[in-house]
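K.L.:
The chain contents come next:
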Amino acid sequence: MKQIANTIKSNIFNLKMLSLVALAGFMFSCEDNVLPETNSIEDLTPPTAMFSATESNGDWQTYDFSNQSISSTTYAWTFGDGNASTSKEPSNTYAAEGIYTVSLTSSDANGLTSTFSSEVEVVMPIVPVILLPAILEASFEDGMLDGGSGDGRDSWRNSDLGGVIQITSSPTNSGSQAAKFPSAGDRVAYQELEVSPNQNYILEYWYTMKTSGTGHMTVSVLAGDGFTDPSAAVAATLATFEGTDQTSSNDYVKVELPFNSGNNTKVSIYMFNSGVESRVDDVSLRLP
Amino acid sequence: MKQINLLLIAVFALSFASCEDTFLAPELETGINAENYYTTDSEIQAGLLNIYDGIQGVNALKITNNNLNHGVQVEFYLTEMRSDNTETKSNEGEAAQFESFTIESTNGIVADYYRSYYNVIFRANLVLDKLDAASPENKAAFAAEAKFLRGYAYFNLVRLFGDIPLVDQLISPLDTETAFTRVSSSLVYDLIVSDLQDAVANLSDGGANDQASKAAAEGILAKVYLTLGRYSEAQTLLEGIMSPSRGFALENDFKDVFYNEGNNEVIFAIGYVPSSNDDSQNFSAEWLNAVGRTSGVNYVSMDAKAFLDANGGNRTALSYREDVAQAGKYQVVKYLPNGDAALGIPATSSDPTSAGNDWVVLRYSDVLLMHVEAIMAGGASTTSSNAIASLQTVRNRAGLTDVVTSISKQELADERRAELAFENHRFFDLVRLGLAQDVLSAFSTANGLGYSTTDLLLPIPQVEIGLSNGLLTQNPGY
Chain A
1 MKQIANTIKS NIFNLKMLSL VALAGFMFSC EDNVLPETNS IEDLTPPTAM FSATESNGDW
61 QTYDFSNQSI SSTTYAWTFG DGNASTSKEP SNTYAAEGIY TVSLTSSDAN GLTSTFSSEV
121 EVVMPIVPVI LLPAILEASF EDGMLDGGSG DGRDSWRNSD LGGVIQITSS PTNSGSQAAK
181 FPSAGDRVAY QELEVSPNQN YILEYWYTMK TSGTGHMTVS VLAGDGFTDP SAAVAATLAT
241 FEGTDQTSSN DYVKVELPFN SGNNTKVSIY MFNSGVESRV DDVSLRLP
Chain B
1 MKQINLLLIA VFALSFASCE DTFLAPELET GINAENYYTT DSEIQAGLLN IYDGIQGVNA
61 LKITNNNLNH GVQVEFYLTE MRSDNTETKS NEGEAAQFES FTIESTNGIV ADYYRSYYNV
121 IFRANLVLDK LDAASPENKA AFAAEAKFLR GYAYFNLVRL FGDIPLVDQL ISPLDTETAF
181 TRVSSSLVYD LIVSDLQDAV ANLSDGGAND QASKAAAEGI LAKVYLTLGR YSEAQTLLEG
241 IMSPSRGFAL ENDFKDVFYN EGNNEVIFAI GYVPSSNDDS QNFSAEWLNA VGRTSGVNYV
301 SMDAKAFLDA NGGNRTALSY REDVAQAGKY QVVKYLPNGD AALGIPATSS DPTSAGNDWV
361 VLRYSDVLLM HVEAIMAGGA STTSSNAIAS LQTVRNRAGL TDVVTSISKQ ELADERRAEL
421 AFENHRFFDL VRLGLAQDVL SAFSTANGLG YSTTDLLLPI PQVEIGLSNG LLTQNPGY
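Protein chains in written order, with the numbering used here: chain A, 1 to 288; chain B, 1 to 478.
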């Protein structure tokens, strides 16, 4: 009996449900074009598409895109090279240099869209050229300048710092001439060079000194150019070598003077001696 | 440092003035106010001290009013905790928005810092406005000190928020256009550069290191130049600081940088006085386990721990330690308020909630590493012997004496992370070196965080946008 009662109850319940559904169907049937619009409001925050592009670290062909869209949920990108993406913040690798128009269409869940386009210029970075300047009249020979001019020391003059060097024909390290610094120590050789900043260089030269007396043959590299005062020149020294090898007055000794150009686009070579007649020949500059 | 209390006692003045013919416009005669206060050099100096006081901020554990400005004491939330270096201990609450890159524009800590630093700028503008009262011989130096602090404040704001309102003089409360109109960050940088150039020209060295100096201005300006890609100018300034005659050097023991205050490695710091309600700090306590108001913030991330283990040398043990109260969690060792007997670090204050550890803004190893960066000049690497010498000096002190022959940008970033960990440099370094996108997106992906590129700028605080009546716009992504 209890089971029968339950079945009846259940049937009554089903019947009720059915009538409810039928009633609902009747009510909607004549108004279904109106009701969904009732109480709906305008989308006051439509999407705004916006992005910026930055070159990826260490890879000039790849750009990372920063999505700055407002009120958007889905994104469609075209990168101007045929590639596309639907990621929020994609990256794209371009095959070649060029100007590409990147376009982002941002949409919200209501289906409103906004499109923003911007150009990306893909350029191969310039490989910095390391300057390796030629040293003029580096071996102090005649006729080394343009048109066969030059007396071997024209490029080494600086009358503010000291007298011009003398030229010796014996002994030399190579060729027929070398620079000579008399024992009075009142003559200097000076030359300005255009260099790359913060670059390691090695200045090479050969020198020899007379065996009698005491003194030195010093070669310095100075930061900057335009020196007119010996003490200012010494204060700007980047690297210096004070030669004191008096073993032989005939045999030249090779010196390698490494220096770093520092925060300068110009450096100056500055040679001076004291006490002993000295000679310098075959000055050259190279990279390590 | 003393906070200046400007008291207005207007009632008496009114009653005395009432029978005079100026009774319709009574002058304040017995009270001190901003209009009549600044008349002598010492009063201008009090105004300068007031700028430092603004950066110093209020110790939130001693003066527990949330509406006060906490200045540099909350800076670590916005910088270190927004990088791969640190996080909250419990990973929850408003403070955890930083580590997960889910910062809301309503974040109170962001609003605190923004408010604090604009208040610092106001205090600097106030001094600059009253300079006519200064003696002729001191006027330039006073202006330089105020401009140094204003430039420093703007440099932090522009890096954190991007385009921001530019207030370079006192403005009236009704001048909402100046207060709330965002200007291009390049214009903000113009003011920063001119302020700091003025500071370099007119400040001198030799004072306490919690005071503006020529070297401090040169160092901060060098970092501005590096940020702007003006590498050669940066290098000139840095080599000026590095000149032996200036007297700066690395401490032999890394620990002494933080626990031997007044050392000649620290070029500029924000000073704190232990056990003082007005001049102590609470960030040291917040970094411990439930000693401050938080359960522990600025805890070392697993990423940073692994990095320091591999790259720190002898700095590692002095950079982080395991939390004795909670195994598997790691605390910052720099700036401990209550010391660490095992590490031989003394307590700086009998009460850790009123710590006296100065906050280091600029130190010599930062200068050396900036020197490397200036020489690298935006390139991928350098073999310049001068750059190598600077890097080698920093590494040698850390016990890493293997000979460096070339430096890549990644190696420079790594050295900065190891040397300057937890000193609020990491985030700015990543952005400046162009590594933020790679590093932070990888870190976010590995840890399931919410980083996107718009997180590189903080939100303009919602409260400011509300006050601006629609003038102030929000950064994208918020």
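Don't take every hint at face value.
Unchecked claim - Simulated pairs of lysine-lysine, DSS-like, Cα-Cα distance not exceeding 30 Å:
1) B:K329 x B:K305
2) B:K255 x B:K329
3) B:K409 x B:K62
4) A:K266 x B:K409
5) B:K305 x B:K139
6) A:K88 x B:K409
Since the hints were derived computationally from the structure, they do not count as laboratory data.
K.L.:
Are the hints correct? Go through all of them and say.
P.N.:
A quick look at each hint next to the structure:
For a cut-off of 30 Å, the pair hint linking K329 of chain B to K305 of chain B stands: about 10 Å separates their Cα positions. For the suggested pair K255 of chain B and K329 of chain B, the alpha carbons sit about 22 Å apart, so the restraint of at most 30 Å is met. The suggested pairing of K409 of chain B with K62 of chain B is violated, with an alpha-carbon distance near 43 Å, which exceeds 30 Å. With a C-alpha separation of about 26 Å, the suggested pair K266 of chain A and K409 of chain B falls inside the 30 Å cut-off, and the hint holds.
Between the alpha carbons of K305 of chain B and K139 of chain B the distance comes to roughly 49 Å, so the proposed pair goes past 30 Å and is violated. Between K88 of chain A and K409 of chain B the alpha-carbon distance is near 29 Å, which keeps this suggested pair within the 30 Å criterion.
Of the numbered hints stated above, those contradicted by the structure are hints 3 and 5, listed in ascending order.
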